[in-house]
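Number of protein chains: 2
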Amino acid sequence: MKKIVLGVDVGGTSTKLGLVDREGNLLAESKFMSTEYEFIDGFIESFEKHVDQLVKSIGPDHEMIGIGIGAPNANFYRGTIEYPPNLKWPGITPLASMVKRKFKLPTLLTNDANAAAYGEMIYGGAKGMKDFVVITLGTGLGSGIVSNGQLVYGYAGNAGEVGHTLVNVHGRHCGCGKQGCLETYVSATGIRRTVYKLLADYTVDSKMREVSFEDLSAEMITDAAHAGDEIAIAAFEYTARILGMKLSDVVAHSGPEAIFLFGGLTHAKDLLFMPTAKHFNNNLMPIFKGKVKLMPSELNNKNAAILGSAAMIWKHYEDGDLSTLS
Amino acid sequence: MKKIVLGVDVGGTSTKLGLVDREGNLLAESKFMSTEYEFIDGFIESFEKHVDQLVKSIGPDHEMIGIGIGAPNANFYRGTIEYPPNLKWPGITPLASMVKRKFKLPTLLTNDANAAAYGEMIYGGAKGMKDFVVITLGTGLGSGIVSNGQLVYGYAGNAGEVGHTLVNVHGRHCGCGKQGCLETYVSATGIRRTVYKLLADYTVDSKMREVSFEDLSAEMITDAAHAGDEIAIAAFEYTARILGMKLSDVVAHSGPEAIFLFGGLTHAKDLLFMPTAKHFNNNLMPIFKGKVKLMPSELNNKNAAILGSAAMIWKHYEDGDLSTLS
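Chains H and B supply the protein sequences, listed in that same order. Per this note's numbering, the very first residue in the first sequence carries number 1; after that it's consecutive. Per this note's numbering, the very first residue in the second sequence carries number 1; after that it's consecutive.
Just chain H, with the same shape it has in the complex (with noise of 0.2 Å):
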């Protein structure tokens, strides 16, 4: 019987689900799962049914040891998904315990940034690694600090916070309620707002003047950069600038071996890494200049969401606390 896990990737459309071995092969994923279902009861109904083929589709001989979930606004020692903005479910879902009675099987849920980590941990860069940091560069900023060998995830399941942290206490308002969050300057949304505070700052000619704020995209700004827009080269400048100043902070805290940087913003390669290294460095602490690798996540373009959630299933399952958890 060779062991498996179901990796689950619950977004704010779809939900993506993947049965994974130890090695990370992804032996079997599953067509199209809507997440949009207004009551979670029809959600667990049409995901029952779309790991009954998965299940199916890879043949008899395999023993799934347990379900890991990524989902926005999750916390992991309650399994549940608080008050997600992006989700139909209001106020809170005990989506852990749900999933756990319907397969009699240990489940655990945590957030996307954390799922990454935990990714990196089993099937990336962090192999064998006990202090490391990967930062999520999407729509926000994530971040999954491990410490000791275990994710922190602090008192109340909600640690790991390093995009709200402050950048400016007078700054770009946020999502979250607060102003000045990293998350509004480093993430593929600060990177917009960066190019629109730019194009107002200065004269310069940019082809990105012609395009709304709705439709620019951090790819459109790479493409810019790449093409030799001075805005755009710019907004890459301030975006690292502010990067690796707070990721100078994140090594003063948790004085991590290295810190990954995952996601789209990532894929402008030397455009962000470059900058962001030099001002990483500058900022450090002597005693950590040097010391710690800054570098693109080996899961950047493999699919990182399911690899994540099954792999903290495999974390759990080797440390032998999957069962007191889920």
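Just so you know, the hints here were simulated from the structure itself, not pulled from any lab data. Glycine included, C-beta positions come from ideal geometry on N, C-alpha and C. Each hint can be trusted.
With the C-beta cut set under 7 Å, the calculated list includes, among others, these residues of chain H facing chain B:
{"no.": "1", "residue": "Asn148"}
{"no.": "2", "residue": "Gln150"}
{"no.": "3", "residue": "Gly154"}
{"no.": "4", "residue": "Asn158"}
{"no.": "5", "residue": "Glu161"}
{"no.": "6", "residue": "Leu166"}
{"no.": "7", "residue": "Cys176"}
{"no.": "8", "residue": "Gly177"}
{"no.": "9", "residue": "Met245"}
{"no.": "10", "residue": "Asp249"}
{"no.": "11", "residue": "His253"}
{"no.": "12", "residue": "Gly255"}
{"no.": "13", "residue": "Pro256"}
{"no.": "14", "residue": "Glu257"}
{"no.": "15", "residue": "Ile287"}
Straight-line alpha carbon distances no greater than 27 Å define the calculated DSSO-like cross-link-like pairs of lysine-lysine that follow:
{"no.": "16", "chain 1": "B", "residue 1": "Lys31", "chain 2": "B", "residue 2": "Lys2"}
{"no.": "17", "chain 1": "H", "residue 1": "Lys289", "chain 2": "B", "residue 2": "Lys178"}
{"no.": "18", "chain 1": "H", "residue 1": "Lys291", "chain 2": "B", "residue 2": "Lys178"}
{"no.": "19", "chain 1": "H", "residue 1": "Lys130", "chain 2": "B", "residue 2": "Lys127"}
Model the placement of chain B on the given structure of chain H, informed by the hints.
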């Protein structure tokens, strides 16, 4: 046989030693022992004599289970004191292994702020907590971060440097070589610098205009504030604003149940705590608001340094990893 621990606090001029039981009773404490030996061998020789006297003083029926040492620039993993600016021993001194060889007992070495965190965990307000932070406000600002019940030492043994997170990239020069570090604003030295800045910026009368920078102490500033001195009151507000903001970043990183403030500056009590709590709560993400306790250390008026170093031994003895670590 009653189990006891030797707790040691290595300071710039003197070293303090005490025998401590599991309940935090200081069974015996050494008289003055100098740290100012030019060579470590002389220090170790004197140390041995002091320990012998201490052990004799409490009579038989005691079993010493280990030696915990708090020292500046200590590396927990390596048991070394590394390039200490305030001690006479240059380079790297393997103090833990020297002491261990001499006494044939498990010996651990950590820095003052981490010792304070162990003390809070075993003897203070953090009993039963698995996620908390201790901030020490002395000449500098130290921090001990506990996540998942373990001190966060990071990859190289030197995590928890919240005092060197960034307030202002163009800000005050710091002893670490950077500019704008938190401890240049928030510490006994930091508030003196703030008083001088405010004396320069404003024209109001202040008794502190008669005091030189060298002579000015945090106690004087506290007394002046209590007496209604506007500059002193403004200096506490300035300090608290920066501390509150940066503590909200600490929460975003590690999501503690409580943050304990320890050390000289906390003697100012409400002068410091009231405005710090205000700015702290204003800057927390909504999900953390009202959920993180900010309180004075319960070890503030005790032999905290000796208790903390001893607590480190009790903690790892009870975790069962004392002999692996030492």
